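Participant: Join these two chains into a complex; the hints should help.
Protein chains in written order, with the working numbering: chain A, 199 to 474; chain B, 374 to 783.
It is possible that part of the hints are untrue.
[As the list claims (entries may be wrong)] Straight line, CA to CA, 25 Å or less: simulated PhoX-like cross-link-like pairs of lysine-lysine:
id, chain 1, residue 1, chain 2, residue 2
1, A, K208, B, K606
2, B, K578, B, K504
3, A, K215, B, K467
4, A, K208, B, K467
5, A, K208, B, K427
Hints are computed from structural coordinates only; laboratory data are not their basis. Bear in mind that the values here come from a model prediction, so they are computed numbers and not experimental data.
Listed here are the chains, written in short residue letters.
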Amino acid sequence: MEYTVYEPEKYVKMGIKVWPMMFRELFASGELIWRLFIRDWSARYRQSLLGYLWAVVPPVVAVATFVLLGKKGVVNISVKDVPYQIYALAGLAVWQLFATGVISGCGSLVNSGGMVNKINISLEALVLSSVAQAIPEFLIKCLLIAAAFPVFRFTPPLACLLFPLAVIPIYVLTAGLSLVLSLVNGVMRDTVNVVTLVTMFLMLLTPVLYPLNPASSIVFRLNPLYYLVQGPRDLVIYGRITDPVGFAAASLFSMGVFLLCFRAFYIAKTKVPERM
Amino acid sequence: MSDTVIIAEEVSKKFSKNIRETLVYGVGDVSRNIMGMSAAPGDIRKGEFWAVDKIAFELKKGRTLGVIGPNGSGKTTLLKLINGIFMPDRGRIKVRGKVGAMIQVGAGFHPMLTGRENIYVNGAILGMSRKEISRKFDSIVEFADIGDFLDAPVRHYSSGMYIRLGFAIAIHCEPDILLMDEILAVGDIGFVSKCFRKFRELREKGISWVLVSHDMGTIKCYCDEVLYMDGGKSISYGDPDKAISSYLLDMSRKKADISRVRTMREFTPSEEGRIVDIAFLDSRGLEKESFFTGEELTIKIEYIANERIESPVFGVAIYGSDGQMQTGSNTKISGFSTESIHGPGSVLFKMKNLPLQPGVYRVRADMSDSNVGIIDMLLEQKDLRVEGGNSGVGAFYTPHEWVLIPGGNG
Numbered sequence: 199m200e201y202t203v204y205e206p207e208k209y210v211k212m213g214i215k216v217w218p219m220m221f222r223e224l225f226a227s228g229e230l231i232w233r234l235f236i237r238d239w240s241a242r243y244r245q246s247l248l249g250y251l252w253a254v255v256p257p258v259v260a261v262a263t264f265v266l267l268g269k270k271g272v273v274n275i276s277v278k279d280v281p282y283q284i285y286a287l288a289g290l291a292v293w294q295l296f297a298t299g300v301i302s303g304c305g306s307l308v309n310s311g312g313m314v315n316k317i318n319i320s321l322e323a324l325v326l327s328s329v330a331q332a333i334p335e336f337l338i339k340c341l342l343i344a345a346a347f348p349v350f351r352f353t354p355p356l357a358c359l360l361f362p363l364a365v366i367p368i369y370v371l372t373a374g375l376s377l378v379l380s381l382v383n384g385v386m387r388d389t390v391n392v393v394t395l396v397t398m399f400l401m402l403l404t405p406v407l408y409p410l411n412p413a414s415s416i417v418f419r420l421n422p423l424y425y426l427v428q429g430p431r432d433l434v435i436y437g438r439i440t441d442p443v444g445f446a447a448a449s450l451f452s453m454g455v456f457l458l459c460f461r462a463f464y465i466a467k468t469k470v471p472e473r474m
Numbered sequence: 374m375s376d377t378v379i380i381a382e383e384v385s386k387k388f389s390k391n392i393r394e395t396l397v398y399g400v401g402d403v404s405r406n407i408m409g410m411s412a413a414p415g416d417i418r419k420g421e422f423w424a425v426d427k428i429a430f431e432l433k434k435g436r437t438l439g440v441i442g443p444n445g446s447g448k449t450t451l452l453k454l455i456n457g458i459f460m461p462d463r464g465r466i467k468v469r470g471k472v473g474a475m476i477q478v479g480a481g482f483h484p485m486l487t488g489r490e491n492i493y494v495n496g497a498i499l500g501m502s503r504k505e506i507s508r509k510f511d512s513i514v515e516f517a518d519i520g521d522f523l524d525a526p527v528r529h530y531s532s533g534m535y536i537r538l539g540f541a542i543a544i545h546c547e548p549d550i551l552l553m554d555e556i557l558a559v560g561d562i563g564f565v566s567k568c569f570r571k572f573r574e575l576r577e578k579g580i581s582w583v584l585v586s587h588d589m590g591t592i593k594c595y596c597d598e599v600l601y602m603d604g605g606k607s608i609s610y611g612d613p614d615k616a617i618s619s620y621l622l623d624m625s626r627k628k629a630d631i632s633r634v635r636t637m638r639e640f641t642p643s644e645e646g647r648i649v650d651i652a653f654l655d656s657r658g659l660e661k662e663s664f665f666t667g668e669e670l671t672i673k674i675e676y677i678a679n680e681r682i683e684s685p686v687f688g689v690a691i692y693g694s695d696g697q698m699q700t701g702s703n704t705k706i707s708g709f710s711t712e713s714i715h716g717p718g719s720v721l722f723k724m725k726n727l728p729l730q731p732g733v734y735r736v737r738a739d740m741s742d743s744n745v746g747i748i749d750m751l752l753e754q755k756d757l758r759v760e761g762g763n764s765g766v767g768a769f770y771t772p773h774e775w776v777l778i779p780g781g782n783g
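Here chain B stands alone, though its shape is the one from the complex (with noise of 0.2 Å):
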């Protein structure tokens, strides 16, 4: 017997941008299908759009996969599907075991009612009896830890407060199969790792995962494979490191469009000379664009001084997308000593492990005098793409090796 809990076969979504069509559209639908006729789901009308389009994966029991994209490319739109909150268009999707859906928890909350009404409510809402919410009510409120606030109605709640009840009740429904829309994000940082160590705890038990995620260092230490989506579609599916990699570099590109004219900078180059040219190497000294996180990666400056420049200050600026400097050097500040230059010549900014996450990075040098300021700044136009590898995870890479001493000896 297979093992798969979740096949989506080619499943489709639309949805219709203007309100008016929506109700136009909607009670011609509701209509057709009241009388037993089809509505034509598979059509797409006037203003209407696919916001997830033939989008197919498998999931195996025990599994975690990974849904990423930028918003409105139809993660939350899947799970709902998934979970059978909307059916699809097109397609189809099979789904084998108890779903546990917490794409919004708490959304059968009464504000009027205390939190231990809710559980009860909540609780049978989630598809539990009454007899086993009376079982597992200490647990809930254990977990949920909100302490006197239990007999307060919820409305009374900090928003924290109301994710953890409605966390604590929709993860002890003991489901097959967890759906999880970034819902953790409200959490305070105790409430979250312990939230993850019942999520490792769950995938002991053997449940599958589907996680919705903005947070690639959460995607990257759970997930067994990543579905991106863009605009409905299925960009890249199956290995999390290529998947990942490729969301940041494309979401770095769509940034880099809108702050490119930001970053840019006309400088006019005094007399005394100007840099030419900025060139990225790899290790064996070949010019080339791409670079893995941890890489080796030297930034060539070539330059020519029109007269002897003495100790001349060469500086390397690299910016993200978003037009914030990321990292950079200049010689005064690294302590090297450049005494004089006059005529061509290059430095070479060496990084022997790219810091960088994946994404597109655009790089400035620029050199200066220390009597007479800055005698050139150059924005290279290419892009510096870095792509991801097995690089950790974080706002930056940082060399490091592990060393494991059993005994405790150490």
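Next comes chain A alone, as it looks inside the complex (with noise of 0.2 Å):
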């Protein structure tokens, strides 16, 4: 049997040699992250009155605001080809799968600190498992857009059924971002608030609950949210992705994130424990 070796800045002096590691370390981490998932799950509504619920009362509540403030006439949202209220749920759906997951990931090492430095770990896999909180939600307001079709009569096309395959990019960018940020969170604990903030400012950036047109500023176009979040929900209302070179250049922008964050957290994740 071969020692395993610790020594100062192991992985910084791996270069590129770290990267089929990180990857095999990852995939043997696939049951822990399973089980600190099904962990955090399964006790997350164990208290609580409304239990599951709750992954659909923001977006309802978010929705029936926007709809009464239309009707009043303080805002006027206008969108073409489907009822405004599947166009929002969609987005939503969309857009909390980002923001509660790089939120939940970014606090997850943080909160897991009694673990982190009394247990050799998998840090990716507290993380991961975090990030990973957000799907059941996420498909949870699937179900809950699924109902809205009839409701609002709105007949979806066939491809709709692809809407949570095409999340996956923006998945990715999440977990990419949340590894980084845990990080950066774990030495300074003021992380969370600032992502907190960014999101809440990028969803205004970003068509969530109500159109952008990208020609209007580079913002938009520039916004690789914009095209992840605009694409799966293309598939809910035309059942195509009307800009695919958008949704693909963001999807890839997503892998590179997400790869160069792994990177980054692999190598420096030895420092996070004794600050704990």
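Facilitator: This is how it looks when you write it as structure tokens:
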């Protein structure tokens, strides 16, 4: 049996040799990620009256508020080809996969502080299992959207079944950002508050609750979240992605961010447990 | 092939005392590492200190290393370095085999989940597959012995039950190396003895064990070698008796500095007489300050009686470094008749087998008259130092012998 060697900045010194090791350890953590995910999900609503309904209450309240404001003439939102309620619910489902995932992932290491500095546990498993908490919530929201189709007399295209798969790119981006942000939050606890504020701001630059014209501002055009939210929702409304190039570019960008963030996380993660 | 399972090569770990510096240095170090740059871990910055400083040892398969030292000496940090929770800032640690760490058992428990659910989660955290946990489930439950609480959320567990379940899971990981940090302090006596039976069983299977404990009895019973740490440094490494003795002596000295003032008392002798000197003599009558547990010790009290004193009473008291009296007697309690004294003389208090465990002690002698009370009292300024030998364990040494009578006809 080989010796496991612990030495200063072992992973920094490894250079590109760290890549196969990263993925080997990630795949080896698969069962642990699943167990931690089940642990947190099953404990989450155990002492809650509404339980899993909490996954749908916030988007329903948000959409109802905008509908009400629209009726009173406070805001003027017009969407084409689809009832506004379905447009907003689909946008919120994708957005909240990103926002709740990144906020939960960012706080994951600090929230597991009692474990991180007492057990040699895979830190990526802790972060990724926390980010994964957003997936069942997203799937519950998908059911809410499906329930909304007959209510608002909208006949969805068959391709809307691909909606859950089309969010993979934004989920990959969420996981990547969460890895690095969880590390930064481990040494600087303000990070999770900053991330919460930034996601709120980013929501304004992304067509979640209202359409945005990408031609009107370069900020919209360069915002990958624009394409990553719009693309899956297009499948629900039109049965196709209206800007496939933008969506593909944003998906590639997400993958690149994930790889860079995962590598950064892997080589710097040893600095965090001692600061918990 | 070498049978060494742990090699620590001048391993060091630094920490910062100040939270703000921890934050600033942390952000800097993580940022540098994220960009693939070195954070120069071997350099010490303002406010940082070496929590573990150039510790070196080797542990062979099937052997047990005890780690002792005062609080804050770096013992737990060293265990975390061996376990790979912390990375060294200098030096290197090489570990061969599956490590089972019991630094804080039950650390991965979710308070809302039941004991049953937590067995699966904690097992996975400790590296067991679901299949493996299912196979060992009954054995874990039997070992934990928590009865009906298995299906109750662990937040309703007592601290003892929490430890029992955590321990039961950890012990079923089948490690090659077991790291243990004083975790049995809260278990009841039945559970603790069950755990030690399990340890013996595991040791017979050849696992190596690193044990951090403040209980010198446990260390002495189980450890083949002992590392005594203080201030992050290795003070003594190797022979358990030597390391334990060195530790107890140092602790005793440190405490003595605090308690000396408390135990010192000024006493103005009466005109009848006074105690002139106290000396510690060995079996040959030679004066010395350091004795071994179980060795013969004579405390010689020299006095001057300025006038005739009828039936004086001489007393001796030995104080520990905490200022508490450990043992003592006087001639009256012992039924020793002193009749009368006049002029200079000495009284000998002989102990055939010194019962004191290693440490630093202070000796007080007093002389009294049955009529006027205390004539004089003297606290010896020199320490009585006791070092360890094959003295057994516990609060005090008792002279003893063993007899084995095979066949049950004794």
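Participant: So if I understand the rule, the pair passes when the alpha-carbon distance is 25 Å or less; does K215 of chain A with K467 of chain B pass?
Facilitator: With Cα atoms ~20 Å apart, K215 of chain A and K467 of chain B stay inside 25 Å; holds.
Participant: Verify the proposed pairing of K578 of chain B with K504 of chain B, using a straight-line Cα cut of 25 Å.
Facilitator: 23 Å, holds
Participant: Holds or violated: K208 of chain A with K427 of chain B, Cα cutoff 25 Å?
Facilitator: Holds, at about 18 Å.
Participant: Run the distance test for K208 of chain A versus K467 of chain B: straight-line Cα separation, threshold 25 Å.
Facilitator: Given that 25 Å is the threshold and the Cα spacing comes to 13 Å, the pair holds.
Participant: Check the hint pairing K208 of chain A with K606 of chain B against an upper bound of 25 Å on the C-alpha distance.
Facilitator: 24 Å, holds
The structure meets every hint from the earlier list without exception.
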